[in-house]
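Whenever a hint applies, use it, and build me the whole structure from the sequences.
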Amino acid sequence: MTKDQFIALLEKYHRQQLSAGELHAFLDAAADPSFESLITDKLSRELQDFKADANAGEEREQKVWQHISQQIHHETPVKTADTKVRPLYKWGWAAASVILVLGIGIYLLNANKKNTPAPGVAVSNDIAPGKEGAVLTLADGSQVVLDSLGNGLVTTQNGTQVVLKSGQLSYDPTGTSGEAVAYNTIRIPKGRQFQLTLPDGSNVWLNAASSLRYPTAFTGKEREVEVTGEAYFEVTKNPSMPFKVNVNNKATIEVLGTHFNVNAYDNEVNIKTTLLEGSVKVRKAAQSKVLQPGQQAQINPGKDITVTNHADTEKVMAWKNGVFNFEGSSLEEIMRQLERWYDIEVVYEKGIPNIEFTGEMTKGISLKGVLIALEKSDVHFRLEGRKLIVLP
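In the numbering used here, the protein residues as written are 26 to 417.
Simulated from the structure, these hints should not be mistaken for laboratory data.
There may be inaccurate statements among the hints.
Claimed, not checked - Derived pair list, reagent style EDC-like, types lysine to aspartate or glutamate, alpha-carbon separation capped at 20 Å:
id: 1; residue 1: LYS215; residue 2: ASP197
id: 2; residue 1: LYS190; residue 2: ASP225
id: 3; residue 1: LYS215; residue 2: GLU400
id: 4; residue 1: LYS306; residue 2: GLU364
id: 5; residue 1: LYS340; residue 2: GLU352
id: 6; residue 1: LYS412; residue 2: GLU352
id: 7; residue 1: LYS309; residue 2: GLU364
id: 8; residue 1: LYS388; residue 2: ASP368
id: 9; residue 1: LYS345; residue 2: GLU302
id: 10; residue 1: LYS375; residue 2: GLU400
Said to hold, decoys possible - Restraint-style ranges between C-beta atoms, simulated for each label pair:
id: 11; residue 1: MET26; residue 2: SER355; range: 31 to 39 Å
id: 12; residue 1: LYS345; residue 2: ASN263; range: 37 to 45 Å
id: 13; residue 1: THR331; residue 2: ASN292; range: 18 to 26 Å
id: 14; residue 1: ASN292; residue 2: ASN379; range: 17 to 25 Å
id: 15; residue 1: GLU400; residue 2: MET266; range: 18 to 26 Å
id: 16; residue 1: GLU400; residue 2: ILE32; range: 42 to 50 Å
id: 17; residue 1: ALA164; residue 2: ASP57; range: 38 to 46 Å
id: 18; residue 1: ALA164; residue 2: ILE32; range: 18 to 26 Å
Backbone N, C-alpha and C fix where the C-beta goes; we use that ideal spot for every residue, glycine too.
Below, the structure is given as structure tokens:
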């Protein structure tokens with residue numbers, strides 16, 4: 026879609042004159058980052074017009090949601106006796122992002138000026154989304170907070186230079202001495218994520234509330250690291266030195282050169298290893314499974330390894346790509362993701378609502394924006410400091 030075509034659809038969207046087909050095309054395009062500046066410009070113009078009518082934002086927000094529902098809601102959600110399915114549709118979270126700009130965003134800005142909370146979400150504050158950052162623990166036990174460092178040399182350990190550049194940590198072992206190999210641990214707090222390049226050139230992306238322990242230089246017959254939480258690996262091929270990942274001391278992943286994601290949070294039911302490229306062997310005690318691209322191995326406590334042949338790799342990789350993917354997710358699963366990304370505590374006032382969601386949205390908006398979108402599915406919240414209370 027060209028820029029002019031998008032602008033034309035944007036104007037028709039604002040006037041609520043889009044046909045169903047045009048709306049589908051518009052919401053697809055709205056998820057394209059190249060059109061972000063056009064939406065932002067539209068917001069700026071709307072804010073100027075908004076000064077003339079203090080109530081316009083709330084009215085527009087209600088009209089837009091009604092329009093979206095009428096145009097997209099072409100099938101009935103599947104329900105069981107115990108579970109409510111809350112579809113946000115293929116375009117649902119893209120729509121939410123646009124609405125936050127053209128509708129809710131205007132209302133929130135005006136509400137903030139009045140020191141009143143956003144409609145439907147009881148808040149005493151808002152919480153910004155997570156960002157790049159990590160804490161590096163060196164071999165001698167000293168710690169370096171990488172968030173506050175600029176580009177340049179972080180340290181030198183046993184001849185290996187540790188360098189931070191553009192928010193990414195890398196290791197250059199070319200000058201490694203004959204001393205014993207040193208080990209580093211990188212810890213990603215809640216509200217952060219980080220990328221680093223290991224001494225062999227392998228790249229690792231770490232999600233919030235995760236950690237990785239690794240040597241400053243790989244020597245011997247194999248390359249071994251230890252991971253907790255969630256990480257995505259792109260491993261440099263070296264058949265003479267296999268790459269092994271120790272997962273929470275509960276499982277081992279063996280690779281030669283491949284791309285895979287491992288999710289091993291303590292508060293998740295299973296350890297999940299999803300293969301995107303190459304081949305890996307997942308081992309638990311005496312049992313092992315070899316995965317092919319697109320497969321996912323799940324390790325359940327006290328059970329055998331199970332393999333899913335057609336994993337939802339888009340959902341698996343959403344965190345790395347800056348997206349929340351809630352396809353088929355329960356409210357409890359979603360709340361765990363929000364806890365990690367926004368560094369909050371979630372409590373349930375009267376039990377956990379049994380609701381299932383579909384759809385996705387950007388991780389780049391504030392917590393309030395996420396909650397406003399979720400509340401369209403009849404779940405309600407109260408935010409007190411960094412405590413999010415789920416209401417019945």
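Comparing the hints with the structure gives:
Between the alpha carbons of LYS215 and ASP197 the distance comes to roughly 28 Å, so the proposed pair goes past 20 Å and is violated. Distance check on the hinted pair: LYS190 and ASP225 sit about 17 Å apart at the alpha-carbon level, within 20 Å; holds. For the given pair, LYS215 sits about 24 Å from GLU400 by alpha-carbon distance, which is inconsistent with the 20 Å threshold. Restraint check for LYS306 and GLU364: not satisfied, since their Cα atoms lie roughly 31 Å apart, outside the 20 Å limit.
Of the supplied pair hints, the one linking LYS340 and GLU352 holds, its CA atoms being roughly 7 Å apart against a limit of 20 Å. For the hint pairing LYS412 with GLU352, the CA-to-CA distance comes to about 25 Å; that exceeds 20 Å, so the pair is violated. Straight-line distance between C-alpha atoms of LYS309 and GLU364 comes to about 29 Å, which puts the hinted pair past the 20 Å bound. Of the supplied pair hints, the one linking LYS388 and ASP368 holds, its CA atoms being roughly 13 Å apart against a limit of 20 Å.
Simply put, LYS345 and GLU302 have alpha-carbon atoms about 16 Å apart, close enough for the 20 Å limit, and the pair holds. Restraint check: the Cα-Cα separation between LYS375 and GLU400 comes to about 17 Å, which is no more than 20 Å; the hinted pair holds. Look at MET26 against SER355: about 35 Å separates their beta carbons, and that is inside 31 to 39 Å. At about 23 Å, the CB distance of LYS345 to ASN263 disagrees with the hint of 37 to 45 Å.
A beta carbon spacing of about 20 Å between THR331 and ASN292 agrees with the range 18 to 26 Å that was offered as a hint. With their beta carbons about 19 Å apart, ASN292 and ASN379 fall inside the hinted range of 17 to 25 Å. Checking the proposed 18 to 26 Å range against GLU400 and MET266 shows it is violated: the Cβ atoms sit about 52 Å from each other. The supplied range of 42 to 50 Å is broken by GLU400 and ILE32, whose beta-carbon atoms lie about 31 Å from each other.
A C-beta distance of roughly 45 Å is found between ALA164 and ASP57, which places it inside the suggested range of 38 to 46 Å. Checked against the hint of 18 to 26 Å, the pair ALA164 and ILE32 fails, with Cβ atoms roughly 56 Å apart.
Figure legend: structure checked against the earlier numbered hints; hints not met, in rising order: 1, 3, 4, 6, 7, 12, 15, 16 and 18.
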